Amino acid sequence: MRRVTTRPAPPSPIGEPVPRRDGVAKVTGAGRFTVDLGMPGLAHAKLLRSPYPHARIRAIHADDARYHPGVIAVVTADDLPDVNLIYGHSVADHPLIATGKVRFAGEPVVGVVAEDPVTAEEALRLIVVDYEPLPFSTSAAASLAEDAAIIHDKPGEQRAHRGFEEDIERTHPNVCSHSRQAWGDIDDAFARADLVLEGEYRYPRSYAYAMEPYNAIARWGEGELTVWTSGQHPYMVREDLAHCFDLPLSAVRVIVPYVGGGYGSKSYTKIEPLTAALALRAGRPVRLALSIEESILTTRGDAATIRLRSAFDRDGHLLGRQATILLDTGGYAENSPLVGRKAANRLGGPYRIPALEVTCSTVYTNTAPASSFRGFGAPQVTLAGESQMDEAAERLGIDGLEIRRRNVLRPGERPWPGVRGIDADLPADLDLAAEELGWDTPLPPGRGRAICLSASDAGSEPMTTSVLRVHSDGSVTVTCGSTEIGQGSSTVLAQMAAGEIGVDLERVHLLQSDTAAVSYDRSTGASRTTTLMGLAIGAAARDARSQLVQWAQESLAPDGPTVIEAPGGVRIGDAFHDWGAVVRSWFGGSAGEVIGRGYIRRSGDTAEMPPFWEIGCVGVEVSVDESTGEIRVERLVTVGDVGCAINPQLVEGQDIGAAMMGLGMATREELVYEDGNLMNGNLFDYRVPRTTDLPELRTVIAERGDGVGLYGAKGGGEGSLNPVAAAIANAVYRAAGIRLREAPFTPERVWTALQQRDASTRD
Amino acid sequence: MRDTIELELSVNARAHALQIEPRTTLGEVLRERLSLTGTKISCDAQVCGACTVLVDDLAVSACTYLAADADGREVRTVEGLSTDGSLSPLQQSFIDHAGFQCGFCTPGMLMAATALLEEDPHPTREAVIHGLEGNLCRCTGYAQIVDAVLAAAASVPGPDR
Amino acid sequence: MIPRFSLTRPATLLDAFAAHADHDGDAAYLAGGTELLQVMKMGFAQFGTLIDLKGIDDLRGIDIAPDGRLRIGAATTHRAIERSPIVRQHLPSLAALAARVANVRVRNTGTLGGNLAFAEPHSDPATFLLACGATVELAGPNGRRELAIGEFVLGPLSTAREPDEVIVAIHVPPADPATGRAYDKIAFFERPAASVAVSLSVMDGRIRRAIVAVGSLTEAPTLVPGAGAALEGVDTSGDGLGVAHRSAVEAFSGLDIAADLNGSPEYKRHLAGVLLGRAVRGAVREASAHA
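Sequence order for the protein chains is A, B and C.
Throughout the first sequence, residue numbering follows the numbering used here, covering 1 to 763 in sequence.
Throughout the second sequence, residue numbering follows the numbering used here, covering 1 to 161 in sequence.
Throughout the third sequence, residue numbering follows the numbering used here, covering 1 to 291 in sequence.
Since the hints were made in silico from the structure, they are not lab data.
Here the structure is a predicted model, which means the values were calculated and not measured.
Even glycine gets a Cβ: it sits at the ideal position worked out from N, Cα and C.
Simulated coverage check for chain A against chain C, where a stretch passes if three residues somewhere in it have a Cβ under 8 Å from a Cβ of chain C: (1) 111 to 121; (2) 676 to 684; (3) 746 to 759.
Output of the computed footprint for chain A on chain B, the stretches with three or more beta carbons under 8 Å from beta carbons of chain A: (4) 41 to 50; (5) 78 to 88; (6) 93 to 100; (7) 105 to 117; (8) 121 to 133; (9) 142 to 156.
Whenever a hint applies, use it, and build me the whole structure from the sequences.
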């Protein structure tokens with residue numbers, strides 16, 4: 001790892017590679033995930049899922065299952081008249097269990113609760129469902145055909161304040177949402193162009209494969225509901241549960257222990273309302289633990305078809321971009337409307353573009369629902385945008401690095417009117433990537449290199465709180481609604497609290513993600529936690545310190561002299577009193593505590609949107625096995641432009657992990673549908689990267705203190721995924737002279753392109 | 001009355017005698033009967049390696065290995081890696097090198113690496129990469145895991161190093 | 001989840017047959033379980049009783065029989081084959097193949113007999129053993145019989161084994177010293193996309209008696225006599241191998257290959273051609289080392 005730092009040094013331990021605080025728990029097996037929890041009386045649920053991609057449910061015959069020994073409850077939509085069945089993050093269109101109709105193969109139709117999971121599964125085999133199959137479509141294009149079957153008879157109610165606030169224009173009954181991003185005079189841009197490129201790019205349906213499958217436990221008390229879940233957004237789940245069961249927010253408690261991988265796929269509400277409904281009917285606490293096969297059917301990434309035109313002048317300056325994007329959102333909206341919004345925003349990339357016009361539609365299909373997934377529209381559109389940057393460079397005889405230098409936004413420049421200026425130094429990032437990749441060194445035969453960029457409006461909404469308590473011994477408890485999903489929030493947030501309050505890290509303890517015990521945070525996603533929760537913790541620390549200074553004055557020096565704040569306490573004359581002493585003195589005994597509060601909203605530094613720009617800067621060197629079509633990434637360079645690396649080891653881990661995930665998406669990962677059914681909904685046939693795919697790595701962390709967070713920090717964790725597919729496509733072009741526009745670049749697709757190349761050379 | 005069988009096995013050097021249904025997997029015995037939830041179930045298809053445990057020193061997938069087949073055998077799980085409360089060199093190395101993030105693959109990864117290092121205490125980088133090919137991790141991208149295993153091997157004295 | 005079943009653990013073949021007869025139609029034999037338990041988990045098969053064969057001595061061991069054949073007990077794990085000094089000496093390509101089956105955990109529990117009994121079309125050992133002229137020894141209540149691999153494997157997940165028969169051992173006939181055998185595969189997912197096995201002998205620098213088998217492409221591992229014939233008589237030192245390779249690959253055009261996630265029939269046929277080249281070079285190398 002190489003750190004390039006131009007920011008001032010923050011107080012220790014901020015900026016240091018301290019060991020992960022969840023380390024011992026996770027290497028000894030002691031760390032508890034939701035799936036590891038048990039409780040007295042716990043019953044187990046299994047789900048019967050639709051075999052049809054689109055069908056009306058005529059009847060459900062479940063009596064044999066109800067009377068199967070060991071079965072506690074059999075639940076269909078008809079058994080839940082007292083529950084608001086429809087939920088949905090941005091559009092309320094999703095019944096927690098099928099109501100009269102199924103919209104994808106794998107949709108839950110019946111839930112069975114039994115004494116043990118095997119018995120529940122036995123009972124599922126005793127249920128007969130009478131379906132009336134309906135015509136279906138499994139691609140966005142097919143869904144938009146004039147005679148396509150209508151998947152949702154009436155539009156779902158749009159939810160307020162879920163980050164997606166546009167009118168949904170249903171130009172076709174199967175359009176779920178429609179987003180537009182435009183500025184400048186697009187006709188003029190193309191009229192003035194010396195070079196116009198046009199192409200269609202495809203990005204596949206993908207699966208995040210969080211290794212812990214979706215699972216939850218629901219337990220009802222007297223008018224209260226407690227849910228333990230593998231979901232990454234406890235507060236949003238709380239809101240949906242309160243809605244489904246008509247409960248006040250305070251009656252719903254959502255607890256998230258360690259989460260076994262999220263990558264966006266555990267954003268928002270998934271199986272929690274259904275688990276709670278099953279527990280309600282069973283009259284027992286219920287666990288619903290999905291398999292990986294079922295998890296694949298629960299959420300996937302949006303497939304995209306992008307038609308992009310780019311206009312350049314002869315010097316390689318971008319004059320305009322025009323694009324139409326179709327996202328296949330599957331049977332339900334989930335969060336795809338926002339993915340569509342972000343795809344439209346992110347198509348411009350980190351470039352100065354005088355005119356842009358992008359429309360993006362998300363389209364219902366009879367496939368598993370798509371929603372948030374690491375990168376959030378950016379990997380899809382970056383493949384298109386960055387491919388055309390390289391194509392233009394080649395056509396205009398400009399170096400691939402140089403054309404980017406000419407177009408990237410300089411620090412402070414606004415990508416479009418009304419948004420925050422770029423809080424990164426992209427020209428410097430490009431130089432770092434080029435240096436590490438060896439841009440100017442000769443290429444071995446059969447190899448190709450490329451460097452690609454992305455910029456994402458990240459951070460979501462600043463709606464974040466934290467409570468920081470300093471105890472009478474000076475130790476600190478921080479509570480916050482951000483989840484530890486592996487990204488290391490439990491470590492970096494504690495580091496920031498320790499640095500900001502001035503105590504040793506060992507004396508700071510963090511409590512996360514229990515809505516009854518910690519204060520509100522909107523979400524753990526969009527790479528926001530270090531930035532926004534960091535700010536909230538910083539504010540809470542300041543609030544605690546200012547109270548403590550006042551308390552010190554009142555109780556330790558009521559008649560002067562003036563108390564001076566020092567790291568970890570106060571100075572009165574020559575005497576130092578640590579925070580614990582101040583607490584004890586103010587309460588006049590041996591106990592007590594101070595409570596610091598931090599609130600972050602759209603105000604002050606975080607008034608401008610987005611809270612920060614998340615940069616992707618990736619370089620690759622690839623080889624192509626022309627006999628089989630296999631691509632190998634030989635060298636991978638990531639530049640993490642994160643402002644201030646609170647913990648550089650964890651930043652590096654995020655960058656490598658994201659880039660390797662991008663490598664998987666670019667080369668192998670794709671959920672394939674045939675005849676309405678998912679053909680590879682398991683780990684046998686959906687291949688994620690393995691150790692043997694590991695390239696030689698060079699990681700750089702650029703710390704220029706230019707983010708809005710503490711000490712100039714800003715988010716990371718998605719950026720290094722976003723440009724990977726484009727970088728590989730461009731490098732393959734350099735290596736083998738073939739232009740790949742459809743990800744994943746499977747061996748057969750590469751081989752076919754090589755055959756076409758050879759055929760055209762022969763002609 | 002459902003069929004049950006007697007099972008006697010040693011788990012992390014502790015003897016257990018249980019009545020189980022024959023269908024019970026070793027993973028279910030560990031997690032549900034013995035409360036050793038360190039062993040994780042992910043793909044449930046012997047692909048991902050999250051459930052890797054050692055039976056008589058050989059790595060197996062606890063998700064699909066019948067508990068009955070462990071009768072009379074020695075089983076080792078992640079909970080048995082540390083002795084007297086101190087971490088093994090491999091566990092410590094995973095912390096030092098940040099060889100995990102979410103931690104769900106980690107118990108299986110540690111057990112696979114344990115078996116690897118017991119057979120080949122000083123493996124090459126290639127041998128580690130190939131030895132762990134059957135253990136998936138979706139967070140780290142593997143680099144820090146490979147580094148952690150190599151560093152753990154290097155911390156143990158060996159021939160000609 | 002694995003559905004409920006009863007388990008019996010016979011110590012002899014006769015006890016196994018008796019147990020099978022007792023649970024007529026609702027029993028299956030179990031060895032390593034890596035395939036059977038997986039399909040039961042997925043709901044593709046259900047049996048009231050599983051009869052565990054791992055305790056039966058007849059199914060164990062690796063040795064060279066008096067007739068010179070290599071005998072591998074059916075309950076031998078892939079790992080035991082990989083590590084066996086006898087296999088490494090007499091059939092090194094099988095040891096190498098065993099070291100590349102699935103992943104280490106499957107190799108530690110999965111057995112050769114179980115692999116063949118399951119007849120998964122992407123099976124590594126079946127393809128290689130087909131090219132080696134191996135036979136499968138079956139025992140049932142009505143006696144023993146031996147079938148060539150090609151007679152044993154009938155199609156995808158289908159074999160000539162009667163439900164009450166047990167695979168006892170796999171026999172590989174001895175080869176003359178100038179024989180080389182090689183197996184190569186390419187995998188994009190958990191199972192191979194294509195695999196090719198070659199058995200040939202080299203005399204006076206020329207290939208004699210070449211046998212070529214392909215796996216993963218068709219419903220069952222398949223011998224391709226035309227490919228073998230194209231290789232016979234070729235000088236291994238010059239560029240004749242390249243020419244022979246091209247005509248050998250043409251023999252693959254007769255194969256009935258279905259499209260799947262790995263790719264189109266054309267592409268998979270092409271892959272088999274690439275693998276054939278690699279396997280032939282490997283087999284020639286081994287043969288020349290012996291000669």
